[in-house]
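Undergrad: Sequence:
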Amino acid sequence: MSVTDPIADAITKIRNAYRAKHKTVTINHSNLNEAIVKILADENFINSYELIDVNPEKKIHRKQIFINLRYTNSGEPVLKGIQRVSKPGLRIYVNSRNIPRVYNNTGCAILSTNLGVMVDRDARKKKVGGEYICKVW
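Numbering follows the working numbering, with no gaps: position 48 of the sequence shown is 949.
Don't read these hints as lab results, they were simulated from the structure.
A quick note: this is a predicted structure, and the numbers were derived from the prediction, not measured.
Take the hints with a grain of salt, since some may be wrong.
Claimed, not checked - The calculated label-pair distances, taken between Cβ atoms and stated as ranges, are:
1) Thr-1007 x Asn-929: 28 to 34 Å
2) Ser-975 x Asp-910: 27 to 33 Å
3) Val-979 x Thr-927: 15 to 21 Å
Claimed, not checked - Below, a list of computed lysine to aspartate or glutamate pairs in the DMTMM-like style, where the Cα atoms sit at most 20 Å apart:
4) Lys-964 x Asp-910
5) Lys-924 x Glu-944
6) Lys-914 x Glu-944
7) Lys-1026 x Asp-943
8) Lys-939 x Asp-954
9) Lys-939 x Glu-951
We put the CB at the ideal spot given by N, CA and C, even for glycine.
Could you put the whole structure together from the sequences, leaning on the hints where they help?
TA: Next up, the structure:
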């Protein structure tokens, strides 16, 4: 079965794993998914992640990303929500002056710019715009 939107698939897997109170989740690898997961780790929404290569002995036939999810001491998920904004059928682009603020700067917007994938704060500092991939709070 082919996935038409691998970013939305990865975001949905992460969201569902948090809702089901899982400790870990595995998503399919792509360079953009890896960049998004790296940002989630840098912003402390997840504990850590690991890239898993192809291993036919363990029945892993494609590269994957193994993510350790983060919870508070009381068991509440640190990541309250994650939402895909730009979709394959409707791309959303923003310039550097119109980058949205997510929940009064308690969350972050993830943008794909010509300088790489970055959060909204970095894009404002560097004065670049790009595709508004998703928002996290």
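Undergrad: With reference to the structure, classify each hint as holding or not holding.
TA: So, going through the hints one by one against the coordinates:
At roughly 29 Å, the beta carbons of Thr-1007 and Asn-929 sit within the given window of 28 to 34 Å. Between Ser-975 and Asp-910 the beta carbons are some 30 Å apart, a value that agrees with the proposed interval 27 to 33 Å. Roughly 19 Å separates the CB atoms of Val-979 and Thr-927, a value that falls within the hinted 15 to 21 Å. For the hint linking Lys-964 to Asp-910, the alpha-carbon distance of about 15 Å falls within 20 Å, and the restraint holds.
Note on Lys-924 and Glu-944: the hinted pairing holds, with a Cα-Cα distance of about 18 Å set against a maximum of 20 Å. Restraint check for Lys-914 and Glu-944: the C-alpha separation of about 19 Å stays at or below 20 Å, so the hint holds. Restraint check for Lys-1026 and Asp-943: the C-alpha separation of about 17 Å stays at or below 20 Å, so the hint holds. For the proposed pair Lys-939 and Asp-954, the alpha carbon gap of about 17 Å is at most 20 Å, so the pair holds.
With a C-alpha separation of about 10 Å, the suggested pairing of Lys-939 with Glu-951 holds against the 20 Å cut-off.
Against the hints set out earlier in the document, no violation occurs for any number.
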